[in-house]
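Top to bottom, those sequences are chains A and B. With numbering that gives the first Met the number 0 applied, the first sequence covers 0 to 131. With numbering that gives the first Met the number 0 applied, the second sequence covers 0 to 171.
Hints are supplied without guarantee of correctness; some may be wrong.
Which stretches of chain B does chain A cover? Using the computed rule of at least three CB atoms under 8 Å from a CB of chain A, they are [to be verified]:
#1 14-24
#2 58-68
Far from chain A by the CB rule (all over 12 Å, computed), these chain B residues [what the hints assert, rightly or not]:
#3 N28
#4 F30
#5 R79
#6 E80
#7 I81
#8 E85
#9 R86
#10 L100
Not close to chain B: a few residues of chain A, all C-beta gaps over 12 Å, as computed [claimed, not checked]:
#11 S5
#12 P42
#13 A43
#14 S45
#15 A60
#16 E62
#17 Q64
#18 R86
#19 L100
#20 R101
Simulated from the structure, these hints should not be mistaken for lab results. We put the beta carbon where it would ideally sit given N, CA and C, even for glycine.
For reference, the chains in residue letters:
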Amino acid sequence: MQDQLSSTFAALADPTRRAILARLTLGETSVTELAKPFEMSMPAVSKHLKVLERAGLIARAREAQWRPSRLEAGPLEEAASWIEEYRRFWEESLDRLDEYLREMKAAGTKSKAKSSGKKRPGTKSPKTKSKE
Amino acid sequence: MAQSAYAATAATEFVFTRTFDASREDVWNAFTQPEHLKHWWGAPGTSVEIGRHELKPGGLFHYRMKFPDGRAMWARFVFREIAAPERLAWLNGFSDEHGGLTPNPWAPTLPPETLNTVILAEQDGKTLLTFTMVPFNASEEETRVFAGGIDRMKMGIGAAFEVLANYLAQRS
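For reference, chain A alone in the conformation it holds in the complex:
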């Protein structure tokens, strides 16, 4: 069983499907319309639409004869917010790294020097910093 996020990324791994989604950001449309820019048979396009539908990235009308497809933004937003959470974590980590490198430089400590792992004089631990 695949989680939603993996389905989203798997569905987006194909360039044709990405192009289809890009087209659908302009509004709902039919398989015939979607097939136009590609040298591809209608069944081949339908196959891609099925993958996108299963991944929840598009919805297709049941009632109309031409069954227009439209974009569903939910899974894309979920994917984006998942990334956002990690991005924030990383930005904060790199802030601390930046601070640590500055402290090392200020203390004239060469990181390549063999260190015993003990606290060196003049090297403040960022954990115990009291500024801000």
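With chain A held as given, fit chain B onto it using these hints.
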């Protein structure tokens, strides 16, 4: 709507860069040596205790984060690629005390590991760091390797943001 706009911003910043006023060697060492890692690595507000640190492909960096309220949790790297001093790739995840992979405690339904890559480049005496992250699902690893694997995942993520950003722009 505001939240969506926020998500769209995140989209473009998924792969991000940072310049450090330090030599590439110093940045590399800060990333790969336990005596440096313990000074800066870990979730905000935590202190880090290092269990294992084996800098080799397949090797484990296993560490414990202690929160100010006394709680603690283990996490790990599994190193994949080590090319000093310019390229480091590892799988990033949470773990139990023995180093076994555990679900993300804040998001148990999401893939438990991410493949993280750090690339360091020298730039006018400073160091440019490029960080890339993609979700990694070990159960699908074999199929991904055969299908062109990680690179396809990366494209998928970039595309997700592109499509989403387009969509939001059209809607507003």
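Hints, one by one, checked against the model:
1. 14-24: holds (count 6)
2. 58-68: Coverage by chain A is violated here, the residue count being 0 at a Cβ distance below 8 Å.
3. N28: Per Cβ check, B:N28 is inside 12 Å of chain A; nearest 4 Å; violated.
4. F30: Non-interface label fails for B:F30: nearest chain A Cβ at 8 Å, not farther than 12 Å.
5. R79: holds (18 Å)
6. E80: Holds: least Cβ distance 18 Å, greater than 12 Å.
7. I81: holds (17 Å)
8. E85: holds (16 Å)
9. R86: holds (17 Å)
10. L100: holds (15 Å)
11. S5: Check fails; 5 Å does not lie beyond 12 Å.
12. P42: Since the minimum Cβ distance to chain B is about 22 Å, A:P42 lies beyond 12 Å and the statement holds.
13. A43: Per Cβ check, A:A43 is outside 12 Å of chain B; nearest 18 Å; holds.
14. S45: holds (20 Å)
15. A60: Its Cβ never comes within 12 Å of chain B, the nearest being 18 Å, so this holds.
16. E62: Consistent with the label, A:E62 stays out of reach of chain B, its closest Cβ about 24 Å off (over 12 Å).
17. Q64: holds (26 Å)
18. R86: The claim breaks: A:R86 does not keep its Cβ more than 12 Å from every Cβ of chain B (closest is about 6 Å).
19. L100: violated (4 Å)
20. R101: violated (7 Å)
When the structure is compared with the earlier hints, violations turn up for hints 2, 3, 4, 11, 18, 19, 20 and for no others.
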